[in-house]
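4 protein chains.
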Amino acid sequence: MPTFLGQNQYGKAENRVVKITRDGATHHIKDLNVSVSLSGDMDEVHYSGSNANVLPTDTTKNTVYAFAKEHGIESAERFGIHLARHFVTSQDSIHQARIRIEEYAWERIETSDADDVKHSFVRKGQETRLTQITYDGESWEVVSGLKDLTVMNSTNSEFWGYVKDKYTTLPEAYDRILATQVSARWRFNWSGDEQRMPDWEKSYDQVRKHMLQAFAETYSLSLQQTLYQMGSRIIEHRGEIDEVRFSLPNKHHFLVDLKPFGLENDTADGAVYFAADRPYGLIEATVLRDGCEPQIPVDLTNL
Amino acid sequence: MPTFLGQNQYGKAENRVVKITRDGATHHIKDLNVSVSLSGDMDEVHYSGSNANVLPTDTTKNTVYAFAKEHGIESAERFGIHLARHFVTSQDSIHQARIRIEEYAWERIETSDADDVKHSFVRKGQETRLTQITYDGESWEVVSGLKDLTVMNSTNSEFWGYVKDKYTTLPEAYDRILATQVSARWRFNWSGDEQRMPDWEKSYDQVRKHMLQAFAETYSLSLQQTLYQMGSRIIEHRGEIDEVRFSLPNKHHFLVDLKPFGLENDTADGAVYFAADRPYGLIEATVLRDGCEPQIPVDLTNL
Amino acid sequence: MPTFLGQNQYGKAENRVVKITRDGATHHIKDLNVSVSLSGDMDEVHYSGSNANVLPTDTTKNTVYAFAKEHGIESAERFGIHLARHFVTSQDSIHQARIRIEEYAWERIETSDADDVKHSFVRKGQETRLTQITYDGESWEVVSGLKDLTVMNSTNSEFWGYVKDKYTTLPEAYDRILATQVSARWRFNWSGDEQRMPDWEKSYDQVRKHMLQAFAETYSLSLQQTLYQMGSRIIEHRGEIDEVRFSLPNKHHFLVDLKPFGLENDTADGAVYFAADRPYGLIEATVLRDGCEPQIPVDLTNL
Amino acid sequence: MPTFLGQNQYGKAENRVVKITRDGATHHIKDLNVSVSLSGDMDEVHYSGSNANVLPTDTTKNTVYAFAKEHGIESAERFGIHLARHFVTSQDSIHQARIRIEEYAWERIETSDADDVKHSFVRKGQETRLTQITYDGESWEVVSGLKDLTVMNSTNSEFWGYVKDKYTTLPEAYDRILATQVSARWRFNWSGDEQRMPDWEKSYDQVRKHMLQAFAETYSLSLQQTLYQMGSRIIEHRGEIDEVRFSLPNKHHFLVDLKPFGLENDTADGAVYFAADRPYGLIEATVLRDGCEPQIPVDLTNL
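For the record, the sequence lines run as chains F, C, X and V.
For the first sequence, my numbering gives the first residue as 2, with consecutive numbering after it.
For the second sequence, my numbering gives the first residue as 2, with consecutive numbering after it.
For the third sequence, my numbering gives the first residue as 2, with consecutive numbering after it.
For the fourth sequence, my numbering gives the first residue as 2, with consecutive numbering after it.
Worth flagging that the hints you see were computed from the coordinates, not collected in a lab.
Certain hints may be false.
[Said to hold, decoys possible] With a straight-line Cα cutoff of 27 Å, these simulated DSS-like cross-link-like pairs (lysine-lysine) come out:
no. : chain 1 : residue 1 : chain 2 : residue 2
1   : V       : LYS252    : V       : LYS125
2   : X       : LYS119    : V       : LYS210
3   : V       : LYS260    : C       : LYS167
4   : C       : LYS210    : F       : LYS125
5   : C       : LYS167    : X       : LYS20
6   : C       : LYS119    : F       : LYS210
7   : C       : LYS20     : F       : LYS260
8   : V       : LYS167    : F       : LYS20
9   : V       : LYS148    : X       : LYS125
10  : F       : LYS148    : C       : LYS165
11  : F       : LYS148    : F       : LYS20
12  : X       : LYS20     : V       : LYS260
13  : X       : LYS125    : X       : LYS203
14  : C       : LYS125    : F       : LYS203
15  : C       : LYS119    : F       : LYS252
16  : X       : LYS125    : V       : LYS167
17  : C       : LYS167    : F       : LYS125
18  : F       : LYS119    : C       : LYS125
[To be verified] Pair ranges (Cβ atoms, derived):
no. : chain 1 : residue 1 : chain 2 : residue 2 : range
19  : X       : GLY240    : C       : GLY162    : 48 to 58 Å
20  : C       : LYS203    : F       : THR90     : 53 to 63 Å
21  : C       : GLU237    : X       : ASP149    : 23 to 33 Å
22  : C       : THR170    : X       : ASP149    : 43 to 53 Å
23  : F       : GLN207    : C       : LYS203    : 43 to 53 Å
24  : X       : ASP149    : C       : ASP137    : 30 to 40 Å
25  : F       : GLN8      : X       : ALA277    : 14 to 24 Å
26  : C       : ASP137    : F       : LYS167    : 46 to 56 Å
27  : X       : GLU111    : F       : GLY73     : 47 to 57 Å
This one's a predicted model, so the numbers in the text were calculated from it and none came from an experiment.
Glycine included, every Cβ here is placed at the ideal spot set by N, Cα and C.
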């Protein structure tokens, strides 16, 4: 045959697992969407259809649910580590495991009961938390992140001094809305079992906080500048992280021209905007700790 | 011609309008999606294509943006009332206006600045707030609501004692998860300009609170029972509302059978669930104040 | 209690059922999404949580799958009729059944084999076919339809002669693109078992054909005019149908202003358009056979 | 600063451009969604917010529309090549351009007119055609593809002989449905202006045909085997292509257990299946021409 097999992987995607933990009458939720991807000695299943080396994707699904009971879900990262280690160490034909997890946050419903209800929750909405665990039997790569966190500054954003060619018609802006829907991934420098594992839950909360604050506190001359501030703020404050990548759509809010109706629409006075869907600017970049090598793929933030 | 024209309406749908209000350095957002639908003396445009009675949908869009500046957006309801009144009273050919509005909530980003940033926001996610204003030149109908508010009780839900026919295989459940994604609409009894208008913002917050509390506090023998409690709680506490309708999907969380792996998966011990997408139970009902007539259409909660 | 129960219904929604029929080596597919909604003597389950009158939604799901085997799926309409009749006639507490079905079309993959492969299919995409069967034990209502059928005329559309108020800025158009994504529902006049049942498959194909041809062949002065032509064409040609309702978004294609770049963008010469997402015009109307009463709800075409 | 900038790119995403070409009364459509991504000497805009090297994303949008008029759209690939060359050669600060394009197919509406209507179209639905053009001023990379092409074999698929560990419960299958939603990307070996350019339109049609036929004609022992056949068939027949990558979700169709209702559900007799949404198997692999190096990123088929 004049063709050959390149990179390949397989597994069960989007296993929706909800784990309740009961601490007396107080319940806790972990709500995950877990995708397993395995690779290794899989040439034959592609070439001849022999499944002799193939652990069924159905089995990887079962393992996700069984592990949720056996190990609990302390954090998405730790759960993914359990799973990845299991697949690589229990099957000779599997040389690498990649676990991707989405996590949906819930908050408690406040009730009027004197004696509080502690088993009632409302889904938080807002961002989806993400992690990706990769293990090859020797070293670990953990890339966590989030998507669909929509933020806006209603002032302190300008855009001017740019290149003008024959297709340029955009007027310069000195007070505009800056809005984006953050997709971010950050890579931990934890890579080996001999190292102390980060506190994944605390790390997430702190990264999210620094990212939001950098967005809010940066007086912005371009979305690229804001992006870089968001990334460098994370790396400066969080020693466990070496690399951050963002895809930031510039969610345009256009000042509506109300002059035909005899109305001024000044930003200083509180303006009216048209929130556009498409097209949108798309700003993407990686921010790295000095001395570190990039490892986050260019399109990971677009998944 | 052997055919004739029935009910008809037209307008511009999904006008995305963002209004910033500046109170010194403190900014406020209203973020709406406004759909205008007009009807009246419109036979000719259907029969012959004559647009002599047709205010262009483009004009209805312009009006939305101009009104956001002229009147501000105190609440979605009040904004919709301004628009509906305008269309019906300014054009002879328009006899009825229906304004549908979606509202997206934002909350402030907390910053570390001594001197706080007050122009930075993160979209709240969670539910979308809704309202529908209908005006025929004489009386008003206001139906507000919400969709995509996902809630869960991790216990205090049972399901047993039901009809069993030859196609019934479901085992009875004495401790199950009850989860749903609330779509609700409630109708105000305000209908005339001579009546005092409700405080729309406060009303929304209170309805939402009572609905969530009723969900949390009801020991549930069926989702229908929970639904009825949610509706009646609203009507009991909010005198401005006469009718509530819900569409509540029963978002099934199935106990995973872990016995093949030598594991118990008892609810009392904190169980592992598979969160299913489809199919789902769908429970729909209207709850009314004594003496009131239903007016909310059956499928409004499915839009 | 100062509240009471209004209209209510329940059932299992979105049962995804695929039925293969084998005719030797030649296979046929029916691919449906079936939603069951039952109503009747259901006060107690809302008021007290008693399920004594409640056939579980899980049972309605089982029934869908069992009936697909027992009766086959000749057409979505006929399948829905089997289901509706069963629920109403087999349970005293169920007085009405409404079955909604989406159908996805598949076409055969053409192969190079001398001896053709007859079990390979590619999903057709394009519109989703719809039907809704309602039965109260005495009479039937069948409303079929489709959604997501996107059509475009690249000429033979004008828009002028409309009302101009102070918010009107739209220039008149004498050669524009007319594009819409058809959502249509049509009601059959078949209502009783003693009447001869229409040929549902043939009827669908013919209605679709007449609707598309009316769209293509109408020189349009407004989308309303085109809508009316589409509806009346159906009623004129199909005696089994008394009423048609449409929701037609006006999918705007705006001529791009290329003058700043020294380019003409004339329609006569083949123009470049920006295809906008939101806002969009939304034109909705019912067309009826002379002497018939409207029964299709206003928002059915928005589901 | 202890951080530095890594890979970065920017541009306007999702420019929806429709180009009509008129050949007398016969019209032709090209309907594209074009995303521009530029990189080069962009450190300063990230570090300081200086836009001195930044061609605005608004300008890249304008260029897309102007080029659609100036050059027409013969194929998505050729259009992307025009755009990429322009950005890289016209701006010193831009060193690389990547153009991603989605294309939506339309087909003519057949009319009853003696003298045919040639300006009326219905969107084909089915797959979205894709291309990605990358240019660095010296060489070209063209990766085309498609997504959302859903296919099914209703027989000639088995799955057995796999690894069984303690979490394996799946029964072996000797006659199952094999269904997937194809996402594929194929890389052309055309890389320089001195080479003869492929016929992009013909190439797409042929790749699609071979891929569908390979799916239909392969008696499948695993989805991996089918995938490999699809890829190698393309490479064998199309000399202009060196590499193909697939992401193939295994869209599970589960045989429904109808035994509780006294029904057999044998595949040989034409069975009833439950079409599941999540989880799904996900099979991903690259197929290469002998002697060629892989260049398609692992996750490109997941965008």
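- Does the hinted range 43 to 53 Å hold for GLN207 of chain F and LYS203 of chain C at CB? 36 Å, violated
_Does LYS125 of chain V sit within 27 Å of LYS252 of chain V, going by the straight-line distance between their CA atoms?_
The hint holds at about 23 Å.
>> 23 to 33 Å was suggested as the range; check whether the CB atoms of GLU237 of chain C and ASP149 of chain X agree with it.
In response: 42 Å, violated
For the range 46 to 56 Å, tell me whether the beta carbons of ASP137 of chain C and LYS167 of chain F fit it or not. 54 Å, holds
With a cut-off of 27 Å on the C-alpha distance, tell me whether LYS167 of chain C and LYS125 of chain F pass. Violated, at roughly 41 Å.
Would you check the hint for LYS210 of chain C and LYS125 of chain F, treating anything up to 27 Å between C-alpha atoms as holding? 15 Å, holds
For this session: Take the C-alpha atoms of LYS148 of chain F and LYS165 of chain C, compute the straight-line distance between them, and say whether it is at most 27 Å.
Result: 45 Å, violated
Is the straight-line distance between the alpha-carbon of LYS167 of chain C and that of LYS20 of chain X 27 Å or less?
Holds. LYS167 of chain C to LYS20 of chain X sits at ~22 Å (cutoff 27 Å).
Between LYS119 of chain F and LYS125 of chain C, does the CA-CA distance stay at or below 27 Å? 23 Å, holds
field: C-beta pair GLU111 of chain X, GLY73 of chain F: status relative to the range 47 to 57 Å that was hinted
entry: Distance hint for GLU111 of chain X, GLY73 of chain F holds at roughly 53 Å.
Tell me if the straight-line CA distance from LYS125 of chain X to LYS167 of chain V falls inside 27 Å.
41 Å, violated
*Does the alpha-carbon distance linking LYS119 of chain X and LYS210 of chain V stay inside the 27 Å limit?*
Roughly 16 Å separates the two Cα atoms, so the pair holds.
Hint compliance for this structure: hints 10, 16, 17, 21, 22, 23 and 25 are not met, and every other hint is.
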